[in-house]
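J.: Residue-level listing of the chains:
Protein chains: 2
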Amino acid sequence: MDPRAAIVEILRDSVRTLIVCHVNPDGDCLGAGLALVAALRRLGVTATMASADGVPASLSFLSGTDGVVTAVADEGNFPVAVTIECTSLDRAGRLAPAVQQARTIIAIDHHQDPPPYAHVTDWDPRAAAVGEQVADIITRLGVEIDRPIAQNLLAALVTDTGVFRYSNTTPRSLRLAATLMERGATIHEIVRAVYEDQPASSLRLLGRALAGLTLHAGGAVAATVVTQAMLAEAGARWEETSGIAAALRTITGVRLALVFEERDGSMRVSIRSRGEARADRIAQALGGGGHPAAAGADVVGAPDETVARVLALAAREVAGTGDDA
Amino acid sequence: MDPRAAIVEILRDSVRTLIVCHVNPDGDCLGAGLALVAALRRLGVTATMASADGVPASLSFLSGTDGVVTAVADEGNFPVAVTIECTSLDRAGRLAPAVQQARTIIAIDHHQDPPPYAHVTDWDPRAAAVGEQVADIITRLGVEIDRPIAQNLLAALVTDTGVFRYSNTTPRSLRLAATLMERGATIHEIVRAVYEDQPASSLRLLGRALAGLTLHAGGAVAATVVTQAMLAEAGARWEETSGIAAALRTITGVRLALVFEERDGSMRVSIRSRGEARADRIAQALGGGGHPAAAGADVVGAPDETVARVLALAAREVAGTGDDA
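From first to last, the protein sequence lines are chains X and Z.
To convert, take the position in the first sequence, counting from 1, and add 4; that gives the working numbering.
To convert, take the position in the second sequence, counting from 1, and add 4; that gives the working numbering.
Simulated from the structure, these hints should not be mistaken for lab results.
The reader is advised that the hints may include incorrect statements.
Said to hold, decoys possible - Looking from chain Z toward chain X, a few residues come up when the C-beta cut is under 8 Å (computed):
no., residue
1, 129
2, 178
3, 213
4, 256
Backbone N, C-alpha and C fix where the C-beta goes; we use that ideal spot for every residue, glycine too.
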């Protein structure tokens, strides 16, 4: 039996199922998990959705988030536990013991390596989102996809593909999205809730940051400095700097985007790359970390010296990776 | 015979066809037009793609743009002319006479009202992009969609739906995109070329515009003014204002976004809406035009008075459409 068929059997026969998403949850694991919970409940299965870190505000529009728990009192009381996008068990956070005590552990994941801890694993690295895998599981369970389930699955797809613009998007993703729209889901409502609902202060801050951008290393590096004064003028908080580096990265020829935040006593550096340039290499040299495309570090020292030091590292990185961005 | 079937017959039998897109061309009319030109050439029809305003730099990646002409010397020499998204004939700009002298004028459009000037009209207001209509025409012509045609049609779809995020996106759009991907088209290459390849000057200008944004009508209207001085400081040209209104539209609660461009002797107003608020109603009151979600007008008069007048119209529009943004 293929793993997915086995999973469908286990889920259908379970009386009490725990669905767990990863720490710092995103739209894919929450959307897919909540869709699965709704489908199981329609089959009479008692299903609980758990997220160690709760639900971020931008995803509270998903259907069923009011029932998400951050901890379970009755660990050991779930015959079946399903992890969504937990590459390792510690990605479940404080919910890991509850998963571990389940008689049957099911892992649903689409990351590079299969999760090693489960009894049955639905692993599909070609899926743009686990929402694709869960959509098929729900269909195989014989549950008709209604609007709330469709919207949650579409939210999984939309958020994990950056609204279909990342290279993980496949014809299958688009056809599933079409089917989900026919069940009542709407892309623009998801986009609006997740991406187009920001305070005016964030845009004022972005504006100040972009107005002061500078180019370096022959235009391959874009940088900007955000000061406490800019924050105050915009009426913004530090959390509102998140979109600045991504905007810098869209400049023609830019392969590394750097945002310097002059915080109290240290400089926070956010690095975004495209092409072969590696953000994580620079972050590591500064004592920080991250992914090849997005990394960061906190650097103690005089702001001017930090900027000069990071620009030198960035210039070396783009010189060493001669790709055409 | 349905109009599309008639159009397919006319195109197949034509020996010499002129395809014309509208002034200030976008990705939909250029992508769809170039796809149609490529398909007709494969059938042995001499086809010429004409755009009065040429090809904007962000769309030069489309296949076949090197063959686009901005004028035709041999007006009156085209038995068949096809207009793409020209609601009225003057939307063809200086190419209008060449269209008018054709024996058969075909109009392909998806705007609110059918174009009134053509002999045969393929009008489908439910199409997210004319690219959807042209994809079907090409299929009916019996031409297999290869990678260049697929990429141009996908570019039409992607640009007219804002990468599938606008409410005009339908299941049909997504299924067509899936099919085009299977023919070799890639969404992320289009996104990168169109949206993620902008001069630093555009971001500096965007920055200045966002830094000075103001909210009105209880936060339902966001506005900003772009002056010649801001343009000069950013080293930007007027063409680089295009992303500003869309950015304003992402502010929580904003239902109308207004960008005022202080040009020589007149104020150009760009209007973007979301929800029920209608951008075109405001534009029409100012002597301009457009879609419900995106419209514009050129207003002669004192800048301050124009701003006040448009803000009053915008406040009335959001008051009259009581939706929850």
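J.: Hints first: check each against the structure and report whether it holds.
T.: Going through the hints against the structure:
{"no.": "1", "hint": "129", "in the structure": "violated (18 Å)"}
{"no.": "2", "hint": "178", "in the structure": "holds (4 Å)"}
{"no.": "3", "hint": "213", "in the structure": "holds (7 Å)"}
{"no.": "4", "hint": "256", "in the structure": "holds (5 Å)"}
When held up to the earlier numbered hints, the structure conflicts with hint 1 and nothing else.
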